[in-house]
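Visitor: Sequence:
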Amino acid sequence: MNNSHLDPFLEASTFVELLHRRAHQHPEREAYTFLVDGEVEGDRLTYGDLDRRSRAIGAWLQQHVEFGSRALLVYPSDLEFITAFFGCLYGGVIAVPTYPPQTRTRRSLEKVQAIIRDVQPAVILTTSSLLSLVESVFVQAQELQAVPLVTTDTINPILAERWHDLAVDSDTLAFLQYTSGSTGMPKGVMVTHGNLLHNAALISQHFELSPEIRGVSWLPLYHDMGLIGMALQTIYASIKITIMSPAAFLQRPIRWLQAISRTRATASAAPNFAYDLCVRKITPEQKAELDLSNWTTAFNGAESIRQETMERFAEAFAPCGFRLEAFTPCYGLAEATLFVSGARKAALPTVRTLQTTALAQNQVVVTGSNSTTEPEKSQTFVGSGHAPAGLKIMIVNPETCIQCLPDEIGEIWVSSPSIAQGYWQRAEETQQTFRARLASTGEGPFLRTGDLGFLQDGELFVTGRIKDLILIRGRNHYPQDIELTVEESHPALRPSGGIAFSIDVLGEERLVIVHEVERQFRNLDVEEVVGAIRQAVARQHELQVYAVALVKVGSIPKTSSGKPQRNACREKFLARVLDMVGEWTLSAEESEGETSAFETNEHGKQEELSPEQEPQTVVGNGRRMREELLLVEPAERQRLLEEYIRGRIARVLKLSPSLLDVQRPFNSLGLDSLAALELKNWIEEELQVQVPITAFLQEPGIAQFAAQLLEQLAQTPSSQSMLPLLIEPQSASERGNDRNGTISEISPQKAEQLLTQLDQLSDEEITALLDQLSS
2 MNNSHLDPFL
12 EASTFVELLH
22 RRAHQHPERE
32 AYTFLVDGEV
42 EGDRLTYGDL
52 DRRSRAIGAW
62 LQQHVEFGSR
72 ALLVYPSDLE
82 FITAFFGCLY
92 GGVIAVPTYP
102 PQTRTRRSLE
112 KVQAIIRDVQ
122 PAVILTTSSL
132 LSLVESVFVQ
142 AQELQAVPLV
152 TTDTINPILA
162 ERWHDLAVDS
172 DTLAFLQYTS
182 GSTGMPKGVM
192 VTHGNLLHNA
202 ALISQHFELS
212 PEIRGVSWLP
222 LYHDMGLIGM
232 ALQTIYASIK
242 ITIMSPAAFL
252 QRPIRWLQAI
262 SRTRATASAA
272 PNFAYDLCVR
282 KITPEQKAEL
292 DLSNWTTAFN
302 GAESIRQETM
312 ERFAEAFAPC
322 GFRLEAFTPC
332 YGLAEATLFV
342 SGARKAALPT
352 VRTLQTTALA
362 QNQVVVTGSN
372 STTEPEKSQT
382 FVGSGHAPAG
392 LKIMIVNPET
402 CIQCLPDEIG
412 EIWVSSPSIA
422 QGYWQRAEET
432 QQTFRARLAS
442 TGEGPFLRTG
452 DLGFLQDGEL
462 FVTGRIKDLI
472 LIRGRNHYPQ
482 DIELTVEESH
492 PALRPSGGIA
502 FSIDVLGEER
512 LVIVHEVERQ
522 FRNLDVEEVV
532 GAIRQAVARQ
542 HELQVYAVAL
552 VKVGSIPKTS
562 SGKPQRNACR
572 EKFLARVLDM
582 VGEWTLSAEE
592 SEGETSAFET
602 NEHGKQEELS
612 PEQEPQTVVG
622 NGRRMREELL
632 LVEPAERQRL
642 LEEYIRGRIA
652 RVLKLSPSLL
662 DVQRPFNSLG
672 LDSLAALELK
682 NWIEEELQVQ
692 VPITAFLQEP
702 GIAQFAAQLL
712 EQLAQTPSSQ
722 SMLPLLIEPQ
732 SASERGNDRN
742 GTISEISPQK
752 AEQLLTQLDQ
762 LSDEEITALL
772 DQLSS
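Using the working numbering, you'd call the opening residue of the sequence shown number 2 and step up by one each time.
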C-alpha cells in the first residue's frame, strides 16, 4: 500500500524504512525520554540510538528465528519495550506485546498462557529486570520448555552491523494486538506495516501534528493507544515524547500534570477516568505549581467520554491555564489499528442530549438546552469528532445489515486501509467481523465494531455497545466471567443464576451483581454472602462491587432458550422491581467512616449500620502519630495501630470498621490494586515509612501487619524501607502451597518494583488497572 497520498514527505512502506530514514537524517534528535518513578529523567533515545539498538535486536532475531515467526514481548512500560518492538519489525518477526503477568492472580496467568497457546512463539523477549518473574511464570508451561528466553538489553550492540534488510513490505504482518477476551479466549488482531503507516498518517493529518509538538504519556505501551497513538506516532510525525509508567501516574496523578507543565507539552492522551482521578487527587497546593497553558490537545478516548468529567477538569485546572477547548474526544479500536474519528483542535466538545425513551427504540431525538425534559428522562453524549479523510463510517442496523436513517442508532461500521487483517487463527470470526457487507447494495467490506452510535452533521456519537461487555475505568470485563466467579463464591448462590452489569453512578460505571439464592437457604446471612462475592470478584477480576441484589429463584430474566437478558435485568434493578431476598449497596458518601448498608426482608438478617468515624488519635499529622505510637505502652500501641489500619481500610472499602476482623488476611478483604495503592500512600505519608504494595495483597492480616509495622518503627528511622520485614522468602514447601503464584521467589526489592507497577493492563485495560482507578 502506498501512503504517499496521505503525506507527500513520507514515501516509506514500513516503519522500518521510516525509522531508518529518520536516523539517517537526524541521528541525534531526541525521540523519547523516560521518567523514573514518573519524576526523574532517566534513559533517552535518539533516532540514531533507536535505529542501532533495533538493528542489533533485529540481527539476533534474523540469526535465530525464522522470518514471520512470533516473538512474545514481556516488558515494563519503558524504553526497552520500544526498542524490542522495533527490533521485531527490523528482524521480520511478528511482535506479540503482552503485559507482565501478575503472579498473584490466576486470571492474569491464564490470559498470558492463552496467548502463548494461540501464537506458539518462537522466542520470548524480555528485559533483565523482569527475567526472574518471567522465568517463574513460564517455567510451568510445557509448550515453552524449548522456547528461548532472551533479555534484549544484553544483546551485543555490535550485532547492529550484521543486520540486513528483509523482504518486508506494507502487507507484511507487523504485530498482533491482543484484545480483551473471556477467560482463556483473547483474540489477536493482525496488524500489517501498511495498517500502521496508514493509521499513523490519519492521526498526523487529522490532528495537525508537527515536529514542534511535545508529548507526555503514561499509557501502557502494550496497549494500542499507548503504542500506536503515542510511541509510534513519535517516529511518524517526528515529535518528542516523555514517557512514564502507568504505575507512576496511578500512585501519584500529579506526576502526569507535573511532567506536562515541566516539559511545556502540547499534547497528551488518557481515558476519561484519568481526568476524573486528577480532579479528586490533586490538591490546591499542587495545582499552584502547575502551568498547563501549553497543553492544547488533551485526547480523551478508550472508554466512554463524559461531559461532566471534562467540565470538572477544565474548571479545576483553569487557574493552571488549562482550557476546555483543549479536550479532543476521539474514538478508535484495535481492529481499526487504532484511530477512527476525532474532534478538531481548539474546538469545544460537541454535546447532544437525547430523550431516553427514544434511545430505547434506537431513535435519535435531541432535547434542546431549554427543554423541560427531566434529567432522568434524557441522556447526554459527547461527540467523538469526524472521520478523517481516507476512512468511512457508516451506521448500520446490526440485525438487517441495512444502513440506518439519519435519526436512527445502529452499529458503527468502518472502512479504511487502516482496518486490520482479521483475528489470528480465527477465520470464522474474521469473516463475521472484518468482512461485513451491506445487505441492500453489497457495499463493503466493513469492520463491524460492535459499538452503537449515530452520525449528526458528520460527527460520530457513540451511545453504547451491542455486546454485554462491561467497561469500567478503561478496561473491558466479560460479564460471564464475573458471573462464574460469583456463583462459585458461596454455596447459597444458584448455579447459572446470576447476572453482572454496570450502571452509571455519579458519572462513573460501577459493577452490580444480581444473583438467585437457593431455596433451602431460608435464613440467609446476607453480609456473609455479599462478603464472599466482593472478595471473589476483587481477587479474580480486580474489580470493586458497587451493589449486590440477592433474589428469589426465577427472578433473573432469560430468553426462551435460557440465555440471561442482562439489559432487562439491569432495568429491573434500576426500577427496583426485582423479587429481593437481600441487597447491599456501597455507600455513596465519601466522608470518613460512612458505612455500607445491608437490607434484607424476612428471608435474611436485618442489620442497620451507623456511621463510624476513624479514631481521632490517628487523624492529623503523620509524624505526630508516629511519635505517639512509640510513647504509649506496647500493648496499647498494638491496639491503636490496629484501629488506625482498620479505619483506613474501612474508608477505602466504604464500610464500617467493625466489620473488619483484624485476623483476616488482606487478600480476603476485597482490596483491589488501587485500594492497596491508596493504603500504601496513606501509611507512607502519615507514618513516615515505606511499605510495599504486596503487603496488602498477600496473606498478613491487620493484626500481623500492625505487629510487623511496630517492630520496624521501633528499629528504623522515618522513611526507611520496610521491605525485608514485610516480604520474607518462603521455603520450597511453602511455595508449593502458594496458590497466588511464585512472587516470593523474587527478591523483596524486585517484588515491590514489579507489583507496584500497575503496568498490568491488557488491550483495553487502562489503566489501573487500569480497572482500579477512582474509588
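Please keep in mind that the hints were generated in silico from the structure rather than gathered at the bench. Fair warning: there could be bad hints in the mix.
[As the list claims (entries may be wrong)] Pairs of lysine-lysine residues, derived as DSSO-like cross-links and limited to a Cα-Cα distance of at most 27 angstroms, are as follows:
#: 1; residue 1: LYS346; residue 2: LYS288
#: 2; residue 1: LYS241; residue 2: LYS288
#: 3; residue 1: LYS681; residue 2: LYS282
#: 4; residue 1: LYS559; residue 2: LYS468
#: 5; residue 1: LYS393; residue 2: LYS468
#: 6; residue 1: LYS346; residue 2: LYS393
#: 7; residue 1: LYS573; residue 2: LYS559
#: 8; residue 1: LYS393; residue 2: LYS241
#: 9; residue 1: LYS346; residue 2: LYS468
#: 10; residue 1: LYS681; residue 2: LYS288
#: 11; residue 1: LYS573; residue 2: LYS553
Visitor: If a hint holds in the structure, say so; if it does not, say that too.
Guide: Hints versus structure:
1. A distance of roughly 25 angstroms separates the Cα atoms of LYS346 and LYS288; the hinted pair therefore holds under the 27 angstroms criterion.
2. Pair hint LYS241 plus LYS288 holds up; C-alpha atoms about 25 angstroms apart against a cutoff of 27 angstroms.
3. For the proposed pair LYS681 and LYS282, the alpha carbon gap of about 15 angstroms is at most 27 angstroms, so the pair holds.
4. Of the supplied pair hints, the one linking LYS559 and LYS468 holds, its CA atoms being roughly 16 angstroms apart against a limit of 27 angstroms.
5. With a C-alpha separation of about 23 angstroms, the suggested pair LYS393 and LYS468 falls inside the 27 angstroms cut-off, and the hint holds.
6. Proximity of LYS346 to LYS393 is assessed by CA-CA distance (about 20 angstroms); at most 27 angstroms being required, the pair is judged to hold.
7. With a C-alpha separation of about 13 angstroms, the suggested pair LYS573 and LYS559 falls inside the 27 angstroms cut-off, and the hint holds.
8. Our distance criterion of 27 angstroms between C-alpha atoms is broken by LYS393 and LYS241, whose separation comes to about 30 angstroms.
9. Using a Cα cut-off of 27 angstroms, the hinted pair LYS346 and LYS468 is violated, with the two alpha carbons roughly 32 angstroms apart.
10. Restraint check for LYS681 and LYS288: the C-alpha separation of about 23 angstroms stays at or below 27 angstroms, so the hint holds.
11. For the proposed pair LYS573 and LYS553, the alpha carbon gap of about 14 angstroms is at most 27 angstroms, so the pair holds.
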